[in-house]
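Q: Given next are the chains, with one letter for each unit.
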Amino acid sequence: MPQQSHVRGAGILAACLLGIWVVWGAGAEDTPGSKEARERMVEQDIARTGWAREGVKNETVLNAMRTVLRHEFVPEPDRGDAYADRPLPIGHGQTISQPYIVAYMTEMLGLKPEHTVLEIGTGSGYQAAVLAEIAAKVYSIEIVKPLAERATDTLKKQGYDTVEVKHGDGYFGWPEHAPFDAIIVTAAASHIPPPLVEQLKPGGRMAIPVGPPLQTQNLILVEKLEDGTLRRRSVMPVRFVPLTRGQAEAE
Amino acid sequence: MTGRLSPLLGLAVALISAAGIAYQIVLMRILSIAQWHHFAYMVISVAMLGFGASGALLALFRGRLAGRERTVLWWGALALSAALPASYALSQQVPFETFELATQPAQMLHLFTLYLILSVPFFLVSTCITCAFLLASRSVGALYAWNMAGSGAGALLAVGLLYVAVPADWPVLGALTGLCTIAWALLGLDGRAALVRRPVAGGLVLVPALALLLAAWTPVRISQYKGLSYVLDFPDAEIVARRFSPLSTVTAVRSDMIRETPGEITAYPMSELGPLPEQIGLFFDAGSVSPINRFQGDLGAFAFLDYVTGTVAYRLVEAPDTLVIGPGGGTDVLAALYHGARHVTAVEVDPAAAGLVASGFSGFAGGLYQRPDVTLVVAEGRGYLQSHERQYDVIQVPLFGSFTAAASGVHALNESYLYTVEAFGLFYRRLTPGGVFVVTSWLKSPPRDAIKVFATAVEALRREGVAEPGKHLVMIRSLNSATLVVSKAPLSADDVAAVRVFCQARSFDPCHFPGILEEETNRYVVLSEGAVYYSAAQALVSDHAEDFYRDYLFYVRPATDARPYFFRFFKWTSLPRLVRGMGAAWAPFVEWGYVALIATMLQAGVASVVFILAPLLALGRAPAARGLKRWVVLYFALLGLGYMFLEIVFMQRFMLFLAYPVYSVAVVLTSFLFFSGLGSCAAGRLAARSARNVAVAVAGLAAVATVYLAVLGPVFEALAGLPDAAKIALSVAGLAPLAFCMGIPFPLGLQAAANRSDALLPWAWGINGCASVLGATLATASAVHLGFPAVVMMALVCYGLAALALRPMVRRERPGFGAGANAAVS
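In order, the protein sequences belong to chains A and B.
Numbered by my numbering, the letters in the first sequence go through residues 1 to 251 in order.
Numbered by my numbering, the letters in the second sequence go through residues 252 to 1077 in order.
Among the hints, erroneous ones may be present.
Among the chain B residues that face chain A by a calculated CB cut under 8 Å, a handful are [claimed, not checked]:
#1 MET359
#2 PHE363
#3 THR512
#4 GLU515
#5 SER696
#6 SER758
#7 ASN773
#8 LEU981
#9 ASN1006
#10 HIS1036
One side of the interface only, derived from the structure: several residues of chain A facing chain B at Cβ under 8 Å [stated by the list, open to error]:
#11 LEU62
#12 ASN63
#13 PRO195
#14 GLU198
#15 PRO202
#16 ILE220
#17 ARG233
#18 SER234
It should be emphasised that the hints constitute simulated quantities derived from the structure, not laboratory data.
Think of the CB as a built atom: it goes at the ideal place given N, C-alpha and C, for glycine as much as any other residue.
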């Protein structure tokens, strides 16, 4: 994994299907931000069903991926790789998830235009922007303060007024705005936080990676049925990129 | 050179031997912290590499060495003083990661580098001791006594040091460096001709001192994949205490983001019943974590513990007298109290963990272990149960390993005597008529752990004479954990109803209970594979269990005391299926401990060829003895393998008896060295008719080993209640005859070879070293796959064949070579 050494940062789900981004890793090198780069990302890396992965088919999600300017959410040094299908470091030991995972998790939520979504782990703000392209309102919580501030700025600059970011511990959710139609967690947890389950509407869906840190986790779809029954389904193995403290501090 | 032994030389040799053995034991602990426990066995192989390389080189340069033994010894001791801390410090610079072995080719190189760096001190120990033997060639027996006394003291010293300091901290390395430096100084005083001027010698002390300083500043490089590394990245994480014992190093970390629950608590209504209590995470050897919960007297704060799978047991018994094995931070004790246990006995194997909960953080833990209804016992759980007849209503067996380690299969090579058929049988016998024992495991995908737990229980119940095990078993699962309940009495309809209600209220899926229906088994945590756990349980309680074991994707046959590797799931025959089924995603499903072992074995092979055989090949031409060489090679290769097979097997087997791995290693290593040494000494006196003597020794060895295979289990059971000191003494006595016999063939073979041609000696040495390096890792691999009895049989076959290979070597032998010296360092 040639890129591993510089894709180190902690805490957020740099969720990538193991080995996948080695194959698709070296991506488009057109002008950062070009429409073609996004189109290629969608066609080649997201929509296509390939070796050991299911392509994302939902047109609404694919359109959102075509629309959001991913490079605007990536710090300057890595902007050239913004549309490559792999996670990138965004400082403070965190990463921006691989585009395929962003699209896949968004599809899992089954979003409708009138939905209110809670996101745990704002990171760069990219996932929130994708959600905001589809849903009516997005609330997002980030534990690293400078990241929360930077994401707020970026989202504002990009015109995503329906996203509200706060700095805090996502474990407890955002009870003031609950319940939510969908919840997406982009940081691995050892268990599904009960407060998030409580803040999910009956009929709502949650996407969350559950598993030990830094190793293979399972991406879980939690459905709260109308009668309150909680159904969990493991949809695919995902994995953190291993991270080192030294680098996290240096960034 | 007089050939006589001065007391100073003897003392120096004792100190160097002590440092060598102690370093071996300390290094095992360091590697357990940095990586994982299974690397402990790599240390033995590393030591053998150092010894072998030294033997090969000294044998090759015998001519040049003659007359310079004292100088080489003196400089060797100085080099050792510096190399011991320096090799530790250097080894911590190598960025080796177990988990990256399969994906990063560079990791193989790192492992190799680690191997070499770590073997240097052992190379020097061996060099020093061999020189001493050459110097005191007329007092080999006396020097041998010093050598062995030193080794024994070294093992004791290591265990003692591990009680007072963390293995890699300066007091431990300092003590070992100090021993070597004193030995060096003694050798200087003993020098009949001054080797260097005194001021120069004084100045040279700076060399080990500087190396030690370097080592003191070098923390253990803890794998970034270990739990502690991860948690220390939390913004508010703070290390609040560190404790140590020979068993583990416990690091206590405080952070608001530590939220450890014994399984999924998704259905817990937190807004109603309150948040999780504040926790201090106890990290064992930087890996698995067990939390201490803040307890302020109100058990109501632990309602969340009623929302994990493990507490289903309390739906089946009321106000139970409970035994909690391995309470760690005490969560299971709290769970028992929350559920109305009238008394809880907490049996904690780790004095460091017990101390932290009982006194270090007693205030935080609400005086948990001071309560009248809680009794803390510091003992190994199985030994405690074995030696106490008391029966319990509930026995809680700890959640296997940590979530982290469980998911990665890094425990694949760990012996665990708590999860064997024999252990489950014991738990069963210690239940009151209405009692249950409970085992919770973390789940992996595709399913394996919980299935093996279930299989273990079925097998144990069958052995206990239960006709229909299925009627005594309940298994339920959540997203990430599964709990098996084994009931002493057949489960009633009320019991089953209670389990159904519990599962429904918590959104858990039942996997097995009497009268279960398939449609109720895959509703809440929906598995794409279908009702796998249900089908597995059905198969295991049926008459078709054998077919199931054979066809299942993983190795789920229960572990036994003879093969106590619960965590071994990998099956070579399944590899193609795994790769086909998972595509690129198959890698995470491999057991990493297993991969590491294979890698270690390859390294051992390469290192032993490069550093032992290559020098011999380059220089060792012995036309005079050409026809014999193959017999010499065969003989010493077989001895090397056989010896290591027995040593490693007994180390792992005695862990059951001695409870602490480090005790077992220290006792077995020292006993083997000491009594093999005695055997070698005795062999020196039996020099004539060596072929017959080897045959007798091998026959004795086979007899003793066979008896042990048969009686060790029952004997361990019968003696489980003895105090540690008595157990250690008995172990030493028990190992003595075996090791004595094992010491005999080596010097006799050496002598037979020497009688034909001195040029054969380097080969004998080198091949033996190579085989020992390989044997150490091969023994572990074989034990995992074939079990201890098979490995012992393999060892006996090796010895038997060796006895045959000796015959061509002794035909027409010429008399008159003393072989004791070489044997002593093996």
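Q: Each hint needs a verdict: does it hold in this structure or not?
A: Verification of the supplied hints:
The beta carbon of MET359 of chain B comes no nearer than 15 Å to any beta carbon in chain A, farther than 8 Å, and the hint placing it at the interface is violated. Hint status for PHE363 of chain B: violated, given a least beta-carbon distance of 20 Å to chain A, over 8 Å. Taken as an interface hint, THR512 of chain B checks out: its beta carbon lies about 6 Å from the nearest beta carbon of chain A, inside 8 Å. Taken as an interface hint, GLU515 of chain B checks out: its beta carbon lies about 5 Å from the nearest beta carbon of chain A, inside 8 Å.
With 8 Å as the threshold, the beta carbon of SER696 of chain B comes within range of chain A, its nearest partner Cβ sitting at about 6 Å, so the hint holds. Because the smallest distance between the Cβ of SER758 of chain B and any Cβ of chain A comes to about 4 Å, under 8 Å, the interface hint for this residue holds. At about 10 Å, the closest approach between the beta carbon of ASN773 of chain B and any beta carbon in chain A exceeds 8 Å, and the interface hint on this residue is violated. Restraint check, LEU981 of chain B versus chain A: the minimum CB separation of about 41 Å is more than 8 Å; hint violated.
Annotation: ASN1006 of chain B was flagged as interfacial toward chain A, and the flag is violated, the nearest CB pair being 58 Å apart, outside 8 Å. Below 8 Å, beta-carbon pairs count as interface contacts, and HIS1036 of chain B has none with chain A, the closest being about 25 Å; its hint is therefore violated. Checking LEU62 of chain A against chain B: minimum C-beta separation of about 23 Å lies over 8 Å; hint violated. Nearest Cβ of chain B to the Cβ of ASN63 of chain A: about 28 Å, over the 8 Å cut. The hint is violated.
The criterion of a C-beta within 8 Å of any C-beta in chain B is met by PRO195 of chain A, whose closest approach is roughly 5 Å, and the hint holds. With 8 Å as the threshold, the beta carbon of GLU198 of chain A comes within range of chain B, its nearest partner Cβ sitting at about 6 Å, so the hint holds. For the restraint placing PRO202 of chain A at the interface with chain B, the shortest Cβ-Cβ distance is roughly 14 Å, beyond the 8 Å limit, so the hint is violated. A least Cβ separation of about 7 Å between ILE220 of chain A and chain B falls short of the 8 Å threshold, and the interface hint therefore holds.
For ARG233 of chain A, the interface hint holds, the least distance from its beta-carbon to any beta-carbon of chain B being 5 Å, beneath 8 Å. The criterion of a C-beta within 8 Å of any C-beta in chain B is met by SER234 of chain A, whose closest approach is roughly 6 Å, and the hint holds.
Checked against the numbered hints given earlier, this structure breaks hints 1, 2, 7, 8, 9, 10, 11, 12 and 15; the rest are met.
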